[in-house]
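Student: If you follow the hints, you should be able to join the two separate chains into one complex; please do so.
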Amino acid sequence: MNAIETKDLTKKFNGLTAVDSLNLAVEEGELFGLLGPNGAGKTTTINMLCTILSPTSGSGKVWGFDIRRKRNDVRNSIGIVFQDPSLDEKLTGFENLDFHCRLYNVPTKTRKERISELLKLVELSDKKDHLVETYSGGMKRRLEIARGLLHHPKVLFLDEPTLGLDPQTRRHIWKYIQRLNREKDVTIVLTTHYMEEADFLCDRVAIIDYGKIVALDSPDKLKDTVGGDVISIELNNPEKFEELLCAVRWVKKCKTHDGFVDLTVDTAEKRAPQVIAHAQKQGLKIKTIKMREPTLEDVFLHYTGKTIREDEAKPLDRMRVRRRALHR
Amino acid sequence: MDLNAIYTIWLREIKRFYRAKSRIIGSLGMPFFFLALMGSGMNASFSVPGASNYLDFMAPGILGMVILFGSMISGVSVIWDRQFGFLKEILVAPISRVSIVFGKTLGGATTALIQAMLMLLVSLLLGVQMPSLRGFILVLGFMTLTSVGIVALGLAFASKMEDPHGFQLIINFVIMPMFFLSGALFPLDALPAWLKTISLLNPLTYGVDGLRGSWMGVSHFPLLFDFTVLTIFSLLTVYSAAYLFQKSEV
Chain A
3 MNAIETKDLT
13 KKFNGLTAVD
23 SLNLAVEEGE
33 LFGLLGPNGA
43 GKTTTINMLC
53 TILSPTSGSG
63 KVWGFDIRRK
73 RNDVRNSIGI
83 VFQDPSLDEK
93 LTGFENLDFH
103 CRLYNVPTKT
113 RKERISELLK
123 LVELSDKKDH
133 LVETYSGGMK
143 RRLEIARGLL
153 HHPKVLFLDE
163 PTLGLDPQTR
173 RHIWKYIQRL
183 NREKDVTIVL
193 TTHYMEEADF
203 LCDRVAIIDY
213 GKIVALDSPD
223 KLKDTVGGDV
233 ISIELNNPEK
243 FEELLCAVRW
253 VKKCKTHDGF
263 VDLTVDTAEK
273 RAPQVIAHAQ
283 KQGLKIKTIK
293 MREPTLEDVF
303 LHYTGKTIRE
313 DEAKPLDRMR
323 VRRRALHR
Chain B
-8 MDLNAIYTIW
2 LREIKRFYRA
12 KSRIIGSLGM
22 PFFFLALMGS
32 GMNASFSVPG
42 ASNYLDFMAP
52 GILGMVILFG
62 SMISGVSVIW
72 DRQFGFLKEI
82 LVAPISRVSI
92 VFGKTLGGAT
102 TALIQAMLML
112 LVSLLLGVQM
122 PSLRGFILVL
132 GFMTLTSVGI
142 VALGLAFASK
152 MEDPHGFQLI
162 INFVIMPMFF
172 LSGALFPLDA
182 LPAWLKTISL
192 LNPLTYGVDG
202 LRGSWMGVSH
212 FPLLFDFTVL
222 TIFSLLTVYS
232 AAYLFQKSEV
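Chains A and B are the protein sequences, given in the same order. So for the first sequence, my numbering puts the first residue at 3; every next one is plus one. So for the second sequence, my numbering puts the first residue at -8; every next one is plus one.
So that you can see chain B by itself, here it is in the shape it has in the complex (with noise of 0.2 Å):
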């Protein structure tokens, strides 16, 4: 482990997301219309059970979907770095392959993190209420730990991938159904039992709980629940991370 090395790599991140600002701002439209149009159209003709409307049902679902999208695509991002050559600059170099995935899965969560908080300012401005203090503690430590796993999922997927066209397979066929089957949109006590099933397989599922607990005081599972499932997720997904980076050459 390399301190040094887990900072440079963090501070590359850093210093690539913020020249890609605009990038990044486009990126929160998709989320921003979810809540602002589906959100508050769906407003009216839906109650959730705990929750005082639909809105503040979805804003946590949404925090959790910013989390989801930006953290997988700065860990799959990886495959940019190997197509464009640069990863093989980090690879030669005399650090550990343990200190890339730790700056990378940093550097992603950080990055992941920023858009979030936008998001959650967003969410104030278009009426979500407002968290206590307590609550926004806690919201900032479920989407850190999210964050984490997802990122490491993503660097281990990139690990085993030659070329970019597997960035679309990505989104399309791991992004969008750990959206849909975490509980952002719909209660998961509502789904079908298959569905649900699937669902409980979903770490975002806790993810988005956690936050809606943190943020709402309402949660489908306790709190520590949600906090012990991320954190063996996320374990599980650096260390898978870290391994495949072991054995994977130029």
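Chain A on its own, in the form it takes in the complex (with noise of 0.2 Å):
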């Protein structure tokens, strides 16, 4: 069975369309990723599918269940962590996680283990008698990650679990999200707009932009289309460079973006001194360059022409305006 199936899911707002014909099949035990910039339609589409948006068209199953039409299934399969904080913050640790047990019916004699094992699970035992407006957003978030599990739910929902979190904690959430779904054989599907997370932790990754998948593969898979190593050069006229470049035989792929030229080769070690001799030949002036193998960042540009960041930076209006709607 597929814990996740979509189809044709689509969601408007105001005739702006955040998720437009959405098929999406996710394996039981898969830890699943959805990447894109803000305002790609990840939320809406993790939203529609724990059933607090009501999809426009088009359906979803979750465990089995139909989405709009067995909510109350799907809300008892399905745990999840939102985007944005969901703690009340005037209650103790220990009180969040007891009002979640409350709610979703977890028999009152297993109620107290359950909550004293998950509290170890994110270390925050110490801390459960506080009330939450002291944690630190780090522990906010293994809290929240610690509520979402604690009616043993099939399918977790992860919507940008580390987003606005230091490196450590990062880490520290992503060791976090891997024992779950290994040990605890809890299918995730997780939302992030940044890169290294979704390459580290996924299984499988759907990249999405404007409400659609433009591809989706393992990231290991996804790498590959972008077929060798990444050479990023930063110099005075990025244009002329790259009409130069694209000539010639060994350059595989050229793109200019933010005043850079990254050019896809075979080996980066080998060719970087003939990019070099190629602009010096040109009096072109080089300010940096660097070599690495493929992200997927690169696998994002290749497929949009855009930088997830050039992305987030540009079209801020984009941005509010599906933000707005989302507040609807």
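Hints may contain errors.
Across the chosen pairs, the derived CB separations fall in these ranges [said to hold, decoys possible]:
id : chain 1 : residue 1 : chain 2 : residue 2 : range
1  : A       : T58       : B       : G17       : 41 to 51 Å
2  : B       : L2        : A       : H154      : 20 to 30 Å
3  : A       : Q180      : B       : R14       : 37 to 47 Å
4  : A       : G166      : B       : K151      : 25 to 35 Å
5  : B       : F127      : A       : G166      : 48 to 58 Å
6  : A       : E125      : B       : Y(-2)     : 27 to 37 Å
7  : B       : L115      : A       : S138      : 41 to 51 Å
8  : B       : A184      : A       : L133      : 49 to 59 Å
9  : B       : G17       : A       : S59       : 49 to 59 Å
10 : B       : R14       : A       : N74       : 29 to 39 Å
11 : A       : D10       : B       : S18       : 51 to 61 Å
Simulated from the structure, these hints should not be mistaken for lab results. Ideal Cβ placement from N, Cα and C applies to all residues, glycine included.
Tutor: Shown next, in the form of structure tokens:
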């Protein structure tokens, strides 16, 4: 059985299509990632799957239950950690978890046991009687992850689980997510706009842009589609340089973004001196040169013609419009 | 309907109320000063038909004021749950929206009742006449009924509000007129016709009248009539709140 299946799932807000005919199948036990810039429709997709938004058209199933008709069954099968905090800060950590157990009808006998087990997992046992308002951002996030697991969900949704956290806490949370998936056998769907997060954690990644899936595969296979190493050069006339290098036989692909020219080549170490030679011959001034193996960022660039960061910086309006629409 | 869920949501309201007790005590400041200063001041210059003195006339009105403020604020406080994200945790749980509204309503009514009981005690200390046992039980009944209706009204408002700015709006344009036009401070009979008409459309009028009748033995309408109006009001608001919550998303 597939843990999640959607068929032409669509959501429109005032004529703006946030999710556009999404077809998706997530297997049982998978750690699946939805990767894309802000406003790409990741959160909207998750909100529809967890039944707090109704789809405009199309259908979806979570753990075999229809997201329109079997809302309560869906809700009983899933856990969710929302993008924005959703704790009661005037209650203690323990009380937040206790509240959740009661809402999900966790039997009184097992309630305490399960709470303390999960508090241990997220290393908050000693803070359980403190008010949540005294917690740090990372602690709140961990508490929310613990809460999402209290009722033993089959599918756990994590919406930007490490957004705004420092690198150390992020690593910590990645470790938990992996353990949950492997040891507790929970199917996990996470959204992120951090490339390294999707790369590190996910079995398969769907790259989403403007509400559509533009690519879907394992991170390694996705990176293979880029077709080699990447040399990234910053120089004074990138357009001219791109034109020049595109004609070169061993350059598989070239793309200009933010003043950089990205060249895809077979072996970066071997080709870098040749690239420099080309630039000098034309009298172009190289400011920096970087070589790396392809990342999911390159995959995103490959499929959408822009970088995720670029996309976030510029069409701010698009993001705002969507934000507003989402709050409606 | 899910009793367990109703209880859970009620319990949270009580816990939060308990945590915020200093603020609650503070919120009794205004009604206290109304009664202690304005009431005592007016006592000397005004006589009200039926009541032995102005303080006795005003005390049930002030009780209504505490119920009004406490209930409305705890109903509308759902917008803070929305603002701080906690509402999502509730809405995504496998419980019916009706249970959420019931739990919230009962929780809000309980906390409003606790505040009103404190106020009642304070009024007695200020020298207001003691209610009879039967009167006291009726007072409790009217307070509960009024409170349930107003909490649900607040919930209904809040389900339509997207951000907390509406909070101040409710205080100034709903709570204040409701209070002044409820017969809490002056008898309905003495009002100009247009004001009287508005007052008669105000559900709190029947709450205050019921409280005054139960406590002091003097009321404008028969108690049964007050009771009937309030019951209809509460049923309507609880139903609307449940309906609006069914439709609300995130």
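Student: List in ascending order the numbers of the hints, as given earlier, that are violated by the structure.
Tutor: The structure breaks none of the hints.
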